[in-house]
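Following the hints, put chain B in place on chain A, whose structure we already have.
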Amino acid sequence: MPPRIRVRPRALCIRCLESTTPFSRPAASYASVATASATTPAPPIHQTIRSAPPILRYPPTQPPSHKPPEVRKTQLHRQYQSLLRSSPLILIFQHNNVKAVELMSIRRELAVALRKVDADRLKSGQDTLAEDIRLQIIQTNIFASALRVVEFFNPEEGTLDHTPHPTDPRTSTSAQIPQTSNDAADERFKHGLSRRAYEVANNRKLKLELEPILSGPLAVVAFPSVTPQYLKAVMSILSPSKGDFPAPTRRANPDYYEPSVQQGLQKLMLLGARVEGKVFDVEGTKWVGGIDGGVDGLQAQLVHMLQGVGGSLTSALEGASKSLYFTVEGRRMDLEEKEKGPEEKKE
Amino acid sequence: MLTRFLTDVRITFNPFSARSKSARLFLSLIPPNARTEGMKVEAKMLPRTSQEPANLAVKFKDGKEMNLDLSKMRITDVMEEVDRHSRTLARKEELLGN
Chain A
1 MPPRIRVRPR ALCIRCLEST TPFSRPAASY ASVATASATT PAPPIHQTIR
51 SAPPILRYPP TQPPSHKPPE VRKTQLHRQY QSLLRSSPLI LIFQHNNVKA
101 VELMSIRREL AVALRKVDAD RLKSGQDTLA EDIRLQIIQT NIFASALRVV
151 EFFNPEEGTL DHTPHPTDPR TSTSAQIPQT SNDAADERFK HGLSRRAYEV
201 ANNRKLKLEL EPILSGPLAV VAFPSVTPQY LKAVMSILSP SKGDFPAPTR
251 RANPDYYEPS VQQGLQKLML LGARVEGKVF DVEGTKWVGG IDGGVDGLQA
301 QLVHMLQGVG GSLTSALEGA SKSLYFTVEG RRMDLEEKEK GPEEKKE
Chain B
1 MLTRFLTDVR ITFNPFSARS KSARLFLSLI PPNARTEGMK VEAKMLPRTS
51 QEPANLAVKF KDGKEMNLDL SKMRITDVME EVDRHSRTLA RKEELLGN
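Here the protein sequences line up with chains A and B, keeping their order. Here the UniProt record's numbering is used: position 117 in the first sequence is 117, and no number is missing along the way. Here the UniProt record's numbering is used: position 84 in the second sequence is 84, and no number is missing along the way.
Any given hint might turn out to be false.
As the list claims (entries may be wrong) - Lysine to any residue pairs mimicking SDA-like chemistry, simulated, CA-CA at most 25 Å apart:
1) K40(B) - Q266(A)
2) K21(B) - L214(A)
3) K286(A) - V41(B)
4) K278(A) - E52(B)
5) K21(B) - L210(A)
6) K92(B) - E65(B)
7) K73(A) - R85(A)
8) K116(A) - Q263(A)
9) K44(B) - K116(A)
10) K207(A) - R48(B)
11) K278(A) - E65(B)
12) K59(B) - N97(A)
13) K207(A) - S17(B)
14) K44(B) - P217(A)
15) K207(A) - S86(A)
16) K21(B) - Q266(A)
17) K278(A) - K21(B)
18) K72(B) - S215(A)
19) K286(A) - K92(B)
None of these hints come from the bench; they were simulated from the model.
In isolation and in its complexed conformation, chain B is listed as follows:
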């Protein structure tokens, strides 16, 4: 997964729900140095009884915000969604020539 272009990741999930698996896996995909390099990561855990779906809010470097409902998505789908915008950013960066 391309995480270079993420500046802010907020995840809310209920660990006792089977549908929050992709939320937890998304957290484990964030590289070990990301937090020190300026990415803000916030994971909020819901109490066990809550029925709220797992939610992911991502901000990109160009200011675009993305809000995903993770309860119906597999981790590959989530990665696809996030990577789609990251790839366009990567292409722009390449064309600017660095």
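So here's chain A without its partners, still in its complex pose:
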């Protein structure tokens, strides 16, 4: 190993500035420093004729974020963004001083009811979602901010657009590397924690539809897909109403009538729901829960209706062509008879 020589940048600078003066004091006390610029080797040939491949300056799963990424707030923000993006149906509740025991027993009842729905769905061969539906208490302001990012921040072009294609023979690597710098202020970032997302979401002129609801203590129940079957189960547990969403009977589910569950439910209020980006109040949520069969059921209804329309349309179109065919055919027969007529008379 060659001996380490300390380079003092300040000393080098002084030397550059004072090089014109006749009496320059010896700035660098080491001989090698003075000749450093002279011995810089030329870059290798291949570097001068083709550009260096891009280097990723940050771990691919951790692009630089605007706020410090290690704090809880930032991670919650990221988590809420992913929750909002991945769940088309979110119920929003207000919880007023629900005790830990009550919350625990409510969650237990909710899990029991969802597992029952799971068993029903397994019989008919549908996928089960009970594991993914939970009552989750959220930090209201962070949730509101995450919702703003999800609603208003839509990065258009990808960061990978400028990168050379991996099959290009000039590139020395097949990995697609975005040419973003390791700086949160880079405009090309499109993750929700980037500075651009923060700036877009902080535009106070844009108003959220849910804004008035997002205050006070809140809890959400998020569904990974719009399934009224599960929604019905959740509603009948968490905000039962006499008509559409009756609470389980005392005989069917005695645990539901434990004081801890009932006292907790008194303090839990359903405020509204966010269904596929649209906001519904309690009535609207009940309507969504009342759709039989969910999205699949609606699609089946639509297909059925369209099939009926198609059938009648084809019969109508066929009818016109058939009548045309009959008239033309009749006319032909007529003409043939007329042609035959005189011939027969001649004979």
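Just chain B now, with coordinates in the frame of chain A:
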């Protein structure tokens, strides 16, 4: 907020109105044990389109009833209004000597 002297709380509000924030915060100020200790709490939610102002009706232990329009009040104002009577009740209770 003093909630010892409240026996009955009725709140109507529209959650989609920005002015009903104080109504919802008032609900969150009621302590966790209040319902089991005999306070009646009723929260009625109005549909999204209604323009009705948020309303709070409180009954105290001495029978006094208070009706407040919450749509123009902040939560601190509401607390002040309710506490004013609660404090007199608290003073009376203290003077009776328990």
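Comparing the hints with the structure gives:
1. Distance hint between K40(B) and Q266(A) is fulfilled; the C-alpha atoms sit about 11 Å from each other, no more than 25 Å.
2. Distance hint between K21(B) and L214(A) is fulfilled; the C-alpha atoms sit about 9 Å from each other, no more than 25 Å.
3. Using a Cα cut-off of 25 Å, the hinted pair K286(A) and V41(B) holds, with the two alpha carbons roughly 23 Å apart.
4. Using a Cα cut-off of 25 Å, the hinted pair K278(A) and E52(B) holds, with the two alpha carbons roughly 23 Å apart.
5. Taking the CA atoms of K21(B) and L210(A), the gap is about 13 Å. The hint holds against a cut of 25 Å.
6. At roughly 18 Å between alpha-carbon atoms, K92(B) and E65(B) fall within 25 Å of each other, so this suggested pair holds.
7. With a CA separation close to 18 Å, the supplied pair K73(A) and R85(A) stays within the 25 Å bound.
8. Pair hint K116(A) plus Q263(A) holds up; C-alpha atoms about 23 Å apart against a cutoff of 25 Å.
9. Straight-line distance between C-alpha atoms of K44(B) and K116(A) comes to about 31 Å, which puts the hinted pair past the 25 Å bound.
10. For the hint linking K207(A) to R48(B), the alpha-carbon distance of about 17 Å falls within 25 Å, and the restraint holds.
11. The suggested pairing of K278(A) with E65(B) is violated, with an alpha-carbon distance near 40 Å, which exceeds 25 Å.
12. Between K59(B) and N97(A), the direct Cα distance comes to roughly 21 Å. Compliance with the 25 Å bound is thereby established for this hinted pair.
13. For the hint linking K207(A) to S17(B), the alpha-carbon distance of about 13 Å falls within 25 Å, and the restraint holds.
14. Distance hint between K44(B) and P217(A) is fulfilled; the C-alpha atoms sit about 18 Å from each other, no more than 25 Å.
15. Taking the CA atoms of K207(A) and S86(A), the gap is about 22 Å. The hint holds against a cut of 25 Å.
16. A distance of roughly 19 Å separates the Cα atoms of K21(B) and Q266(A); the hinted pair therefore holds under the 25 Å criterion.
17. Restraint check for K278(A) and K21(B): the C-alpha separation of about 21 Å stays at or below 25 Å, so the hint holds.
18. At roughly 17 Å between alpha-carbon atoms, K72(B) and S215(A) fall within 25 Å of each other, so this suggested pair holds.
19. The straight-line distance between the Cα atoms of K286(A) and K92(B) is roughly 48 Å, outside the 25 Å bound, and the hint therefore fails.
Taken one by one, the earlier hints fail for this structure at numbers 9, 11, 19, listed in ascending order.
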